[in-house]
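Go by the hints and put chain D onto chain P.
Just so you know, the sequences run in chain order P and D.
Anchor point for the first sequence: position 202 equals 227 in the numbering used here, and the numbering is continuous, going up by one each time.
Anchor point for the second sequence: position 84 equals 109 in the numbering used here, and the numbering is continuous, going up by one each time.
Quick caveat, the hints were computed from the structure, so don't treat them as lab data.
A couple of the hints might just be wrong.
Identical chains share a label here; the pair holds if one copy fits it or two copies do between them.
Claimed, not checked - Simulated crosslink set (DSSO-like; lysine-lysine; CA at most 30 Å straight-line): (1) K440 <-> K427; (2) K427 <-> K437; (3) K34 <-> K444; (4) K41 <-> K449; (5) K34 <-> K448.
Below, each chain spelled out in residue letters.
There are 2 protein chains.
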Amino acid sequence: MGKLAIKAKFIYYNNKLHQDKYLLVNNNIIEGITETLSDKTYEILERGNSGVFPAFINSHTHLPMSYFRGLADDLPLKNWLEEHIWPAESKMLDEHFVYDATILAAAEMIRSGTICANDMYFFSKNIGRALSDVGLRGVVGGGVLDFPTKFAKNSDDYLKRIEDLIEEFKSDELIKISVCPHAPYTVSPENYRKCIDFSIRHKIQIHTHLAETKWEVDEIIKRYGKSPVKLFDEIGLLDANTIFAHVIWIDDEEIEILGSKKANIAACVKSNLKLASGFIKANKLKEAGANLTIATDGNASNNSLNMFEEMSYFAKLQKGLNLDPTVMNAEEVFNMATKNAAKALNLDKCGELKKGNYADFMIISFDDINMLPVYNPVSHLVYTAEPSNVTDVFVNGKCLMKNREFVTIDIKEVKEKAKYWNKKIRS
Amino acid sequence: MGKLAIKAKFIYYNNKLHQDKYLLVNNNIIEGITETLSDKTYEILERGNSGVFPAFINSHTHLPMSYFRGLADDLPLKNWLEEHIWPAESKMLDEHFVYDATILAAAEMIRSGTICANDMYFFSKNIGRALSDVGLRGVVGGGVLDFPTKFAKNSDDYLKRIEDLIEEFKSDELIKISVCPHAPYTVSPENYRKCIDFSIRHKIQIHTHLAETKWEVDEIIKRYGKSPVKLFDEIGLLDANTIFAHVIWIDDEEIEILGSKKANIAACVKSNLKLASGFIKANKLKEAGANLTIATDGNASNNSLNMFEEMSYFAKLQKGLNLDPTVMNAEEVFNMATKNAAKALNLDKCGELKKGNYADFMIISFDDINMLPVYNPVSHLVYTAEPSNVTDVFVNGKCLMKNREFVTIDIKEVKEKAKYWNKKIRS
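One chain only, chain P, in its complex shape (with noise of 0.2 Å):
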């Protein structure tokens, strides 16, 4: 790697926008920035009329549902589900499939701008090892059920094979394990009560479902006489080391609590409406304290694993649901896409240009048709760019993608892959 000083129009470092200044990078850490550059030991890349920018951390998803992107659209949550997803899943999953998969959202993920997953999946070591392989970064969960699947028995078992997990990548620089018991209408208070001490005993984080849909609340209240939010504050969840996704149904005494808990919330609205989940709160959330962040979900809802659009759709289904356009400003979105997900998932040294930081971030061409012209770089990046707009992406100091082109991805190799599978799973 050695050392590189990037020349662009636009740089974000420090939160703040400079402008045709040198970022300078020391193997995989960012050393500063600087307007004019002597010292003749540094690489240097010259991009022109281009920014750059931390780039994105995807705070929710199940990566090898690549595969079932599009396998099922315009139907209601439990026909999805039961009929088309859960089936395909039992058909087909299995540690090649969850790898190559994985490498098809990896691809998808690079060409976006984005560098870290934080996963919630099974035959987890496989998403951890597709990611290490081409360089991602990558918070890799390992699910929790109460009943069994292929790939577990029970509780204990399935915890078992986090700590294989945990020992598989204990050495891996960019990769990180969390325990996610997958949400509180799979998983019961006892069990979520194992994944706290688990959690503890490993420090590693928590990764959950909550509040997603209508039914889960009334299911749950059903249950145990409580709503999801104060069954999981009195199982302790609010307190522990936790990241929930979704975190719709909720009440404003329940956004209180979790912004009195300044709870790490990873926003999936674009799969939300496509599944016409509801609508996340994150306005009141973000004035009460909670963390929000922004996520795809998995690409089987989706559809893909655009950031960009991810951003978009956030900040405008706030300003709609607010009837205000202040709300939600572009680098406020921004942040929650980059630095507040690394504060979210505890990266330390990500989510943000500034020194001592990982080389991790995206360059961006501002001289494509659909981002002239350019007022204001950072909303931009929000109300305008697409994935096409991203021409490099460097991981912990390693290029993943040069002038468009995949540096540690064979893609025609991927794409042949997707279409084996595609095959297999529609017969």
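Same frame as chain P, now just chain D:
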């Protein structure tokens, strides 16, 4: 142009998906599809793992505002208009600005598979000129206001300009003209009536804004003692040849009125969310009988002319608002962005691939990373595709983009002009 046969994995012909066939084009007209082709007089375009689809018709735009893309985001409508957009327009607008900005918009439309825009603006001669020069279709509207602008002194003067437009483009097969009274709060009932007479006399369409904001409805009730829809009904606009943009703030009775008149409606979901104007009740309007179409509005409020994203927003928002994921399925939304729009704009032989229609279509790669795997190509268009997946665009038999390269536009010049005007606007 001559005889052309396009071979692709998918062809959406007669509103149905066909596989591994040839689409046959004779000069500017679609001849049919065939499985085998022995006739050697056809030039063959082999597109492999791609799809040929009707291209988009954007039913409400202000194309020259493309130069104001991102000029003023995250602002209240009043402030956005009065402190940013109107001053910029008043300073910048002239024939050169309008021509150059429309060419930028045209390039953006072509690269994202749009072959026609229903536009409303001023200095419209150069909008028509620009579209015609690059080979796009347009319904080019001349604006009408009660008050004077740089462009005209009074309503008769505005209408005179539109007569000039009609004369100018009377033998242009790509350009149609419309009369565009701006909105009920900027045009008096008397002037709306003049526009109706004008539209009948010249056999052209009326294009107007309707019920975009709550403020507008309150204001119109204050002025005239009735809502904008009821005012328009009384004036006769609902019985005239009209297309209405936005149509958000309406009640159930008004939905019934608009439905019974089969009103043509241009839904602008992204723009409405970004400006926090509100939510169109599209599902109710559809069920009542209105003819729904999809539009981006101008680049100043969107901030793109991306019809893929617009379909996706439209479909998802209706699912979310109705808490029903089966509402607005991919196929009907794709029809709104093509066939319904052609009907709304009286564009004969447009909006569908069928025998005898004009050869207007796009070719989309299903082989790109973000498009794999493929289960339902039409739902992929609505929920997955990006502009970068469009490889070829044909209008009236003429190729405007070939293998992702512009054929009729000097893209280097377009970029230089965008930067030139960008500098002028900022200064």
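Query raised in the report: So which hints don't hold here, by number, going up?
Result: No hint contradicted; all consistent.
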